[in-house]
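Can you build the whole structure from these sequences, using the hints too?
Protein chains: 2
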Amino acid sequence: MKLVTRDTDYAVRALVYMAQQRGRLVTSREMVDELRIPRAFLRRILQQLGRHAVLKPIKGKMGGFVLSLPAEKIRLTDVMRIFQGSLEISECMFKKQVCPNRARCFLRKRIVSIEAYVVNQLRAISIASLLTEAR
Amino acid sequence: MKLVTRDTDYAVRALVYMAQQRGRLVTSREMVDELRIPRAFLRRILQQLGRHAVLKPIKGKMGGFVLSLPAEKIRLTDVMRIFQGSLEISECMFKKQVCPNRARCFLRKRIVSIEAYVVNQLRAISIASLLTEAR
DNA sequence: CAAAATGATATAAATATAGTATCATTTAAC
DNA sequence: GTTAAATGATACTATATTTATATCATTTTG
Chain D
97 MKLVTRDTDY AVRALVYMAQ QRGRLVTSRE MVDELRIPRA FLRRILQQLG RHAVLKPIKG
157 KMGGFVLSLP AEKIRLTDVM RIFQGSLEIS ECMFKKQVCP NRARCFLRKR IVSIEAYVVN
217 QLRAISIASL LTEAR
Chain H
97 MKLVTRDTDY AVRALVYMAQ QRGRLVTSRE MVDELRIPRA FLRRILQQLG RHAVLKPIKG
157 KMGGFVLSLP AEKIRLTDVM RIFQGSLEIS ECMFKKQVCP NRARCFLRKR IVSIEAYVVN
217 QLRAISIASL LTEAR
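Order-wise, the sequence lines are chains D and H.
Using my numbering, read the first sequence as starting at 97 and increasing by one per residue.
Using my numbering, read the second sequence as starting at 97 and increasing by one per residue.
Read the hints as simulated data drawn from the structure, not as lab findings.
Please note: incorrect hints may appear among the correct ones.
[Unchecked claim] Calculated lysine-lysine pairs in the DSSO-like style (CA-CA distance at most 30 Å, straight line):
#, chain 1, residue 1, chain 2, residue 2
1, D, Lys98, H, Lys155
2, D, Lys169, D, Lys155
3, D, Lys169, H, Lys152
4, H, Lys152, H, Lys169
5, D, Lys98, H, Lys98
6, D, Lys98, D, Lys155
7, D, Lys169, H, Lys205
8, H, Lys155, H, Lys169
9, H, Lys205, D, Lys98
10, H, Lys155, D, Lys205
11, H, Lys155, H, Lys98
12, D, Lys98, D, Lys205
13, D, Lys157, H, Lys152
14, D, Lys169, D, Lys157
15, H, Lys205, H, Lys98
16, H, Lys98, D, Lys205
17, D, Lys152, D, Lys169
See below:
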């Protein structure tokens with residue numbers, strides 16, 4: 097079971113790195129070198145973070161990225177939702193029909209309650225909190 | 097994020113169904129009809145449950161399956177481990193090398209603690225507990 | 001020996017994850 | 001105004017995982 101996919105993971109690393117730079121403009125090239133993330137992959141990830149207004153892209157020569165929010169306000173759940181979609185842990189497997197199975201449905205209830213706990217825990221993790229732990 | 101894959105889910109349904117039969121021999125054919133699970137898929141799932149001694153296969157004509165444990169002793173985590181392998185929620189993505197990234201490692205610590213909670217919750221769910229909820 | 005069950009196992013199809021490549025656009029410096 | 005260095009948009013490829021399907025062998029009862 098995988099809670100966090102690789103793009104979420106890379107995004108978090110990039111965001112932590114940017115937060116450490118305290119507002120200095122950072123280029124994708126620099127982060128590729130520092131974080132050893134495949135270039136094309138990281139670029140796409142940064143673009144997605146830009147579209148979701150997590151970071152602010154500056155175009156043109158001398159361009160780059162800065163966080164568009166304080167690191168305290170960027171939560172792990174925000175990043176996960178961008179790259180992994182819904183955080184539902186128990187997506188019904190009978191997508192377009194009503195679930196025909198009672199057994200599944202009460203198992204599901206249990207899982208939904210576990211899910212609520214997990215999401216709360218993840219929401220409590222911000223880029224800033226990872227930053228301070230990194231020291 | 098998917099906590100439970102489809103084979104785990106089907107396995108749980110089959111086990112709940114068997115538990116409801118209170119020791120009566122049940123064939124794969126019967127469960128295919130009752131539970132609307134694809135035949136070949138369910139057969140393979142039952143075989144795997146047999147290999148892991150969760151149920152006891154009876155060969156030959158008039159054969160079938162019975163649980164080999166009381167339903168209280170079959171935990172959701174047992175079934176998940178059979179079909180999904182390790183329950184580690186945070187498998188390090190740098191499989192064969194030491195993780196070169198500090199940021200990831202402290203994020204990982206947080207996730208490991210969430211994982212412990214989740215596994216405990218799942219371990220508390222047995223086939224018997226699902227059975228009583230089903231009534 | 002035939003029918004009805006499971007055992008073992010190979011293969012295929014569909015989906016999700018991970019990664020690459022290309023061309024367009026913007027901006028600063030000369 | 002041209003060039004270099006950055007991002008934007010987007011299409012594509014590769015790999016792994018999930019979700020099955022199919023086939024033939026073996027066991028057992030009648």
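Hint numbers not upheld by this structure, sorted from lowest to highest: Numbers 1, 3, 6, 10, 11, 13, in rising order.
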